[in-house]
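Engineer: Every letter in the sequence shown is one number past the one before it in UniProt numbering, and letter 196, counting from 1, is 196.
Note that these hints are calculated values from the structure, not bench results.
Each hint should be verified, as a subset may be incorrect.
Simulated restraints, written as ranges between beta carbons of each label pair [stated by the list, open to error]:
(1) K190 - N74: 33 to 39 Å
(2) K57 - H203: 38 to 44 Å
(3) K57 - A174: 40 to 46 Å
(4) K13 - E193: 38 to 44 Å
(5) H203 - N140: 29 to 35 Å
(6) E31 - L208: 34 to 40 Å
Cβ atoms here follow ideal geometry from the backbone N, Cα and C, with glycine treated the same way.
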Amino acid sequence: MSIRIDKITKKYKRNTREEVVLKDFEYDIPEGKFTVFHGESGVGKSTLLRIVSGLTKPTEGKVYFGDVEITALNDIDISEFRKSHLGIMTQNIELIPYLSVIDNLKFVYGLNNDLKKGAEVDEEKIEELLSELGLHELRNEFPSSLSSGELKRAAIARTLINSPRYIIMDEPTANLDHKNVVKVLKLLCKYAENGSTVIISSHEEEALEYADNHKKLEFIKQ
1 MSIRIDKITK
11 KYKRNTREEV
21 VLKDFEYDIP
31 EGKFTVFHGE
41 SGVGKSTLLR
51 IVSGLTKPTE
61 GKVYFGDVEI
71 TALNDIDISE
81 FRKSHLGIMT
91 QNIELIPYLS
101 VIDNLKFVYG
111 LNNDLKKGAE
121 VDEEKIEELL
131 SELGLHELRN
141 EFPSSLSSGE
151 LKRAAIARTL
161 INSPRYIIMD
171 EPTANLDHKN
181 VVKVLKLLCK
191 YAENGSTVII
201 SSHEEEALEY
211 ADNHKKLEFI
221 KQ
């Protein structure tokens, strides 16, 4: 399913004034491609991805995944839709603090694969993903002992572990060194080549070199 963003507007109340972050924004995100939304900080990239993910309701407009208008779904239905189809990473790294890196991945894997019905953890898949992100030697470390870049890569691994149909990530390469920026972008390309629809926000020009499509967001004139 492709994604259609249909005239999205988002307004926020800031004390006594109203701030418009997105206004009549339209864009079609093709299925199975790598799409980057870019632009300066504060132009609405994070807000847009939260709306596309169903985490935030727009003030006006609609978002469609194929024929499904997710902006019309109630909280229970949108939660089920996200669980079934989406892998989401926000800028807030929320690894479970009392689980190691590998157990964080196993926990998310189990949520989506219903291990209670006899399924087994795909250890090979988990180890491969950890290696691709340079985390294999940190597999048994806890989040409190990781650097900010290591936490970011662990959160990326957790988002990708179930090979979601739609991968939505807010600034996945922010604060990573160049080697790891390239590593992450190449990995996201690989997921798109394997059929996932990959959508990220980024302020880095380098991300555009790897994208199949990109769209620049601009400040709204108030």
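Engineer: A range of 34 to 40 Å was offered for this pair. Does it hold for the Cβ distance of E31 and L208?
Structural biologist: violated (20 Å)
Engineer: Tell me if the beta carbons of H203 and N140 are separated by a distance inside 29 to 35 Å.
Structural biologist: Holds, since H203 and N140 (Cβ atoms, about 33 Å apart) stay within the stated range.
Engineer: If I claimed the Cβ atoms of K13 and E193 lie 38 to 44 Å apart, would that claim hold in this structure?
Structural biologist: With a Cβ separation near 43 Å, K13 and E193 satisfy 38 to 44 Å, so the hint holds.
Engineer: In this structure, is the beta-carbon distance linking K57 and H203 contained in 38 to 44 Å?
Structural biologist: violated (25 Å)
Engineer: At the C-beta level, are K190 and N74 separated by a distance inside 33 to 39 Å?
Structural biologist: Holds - the Cβ-Cβ distance for K190 and N74, about 35 Å, lies within 33 to 39 Å.
Engineer: Starting from the hint 40 to 46 Å, judge whether the C-beta atoms of K57 and A174 obey it.
Structural biologist: violated (26 Å)
Checked against the numbered hints given earlier, this structure breaks hints 2, 3 and 6; the rest are met.
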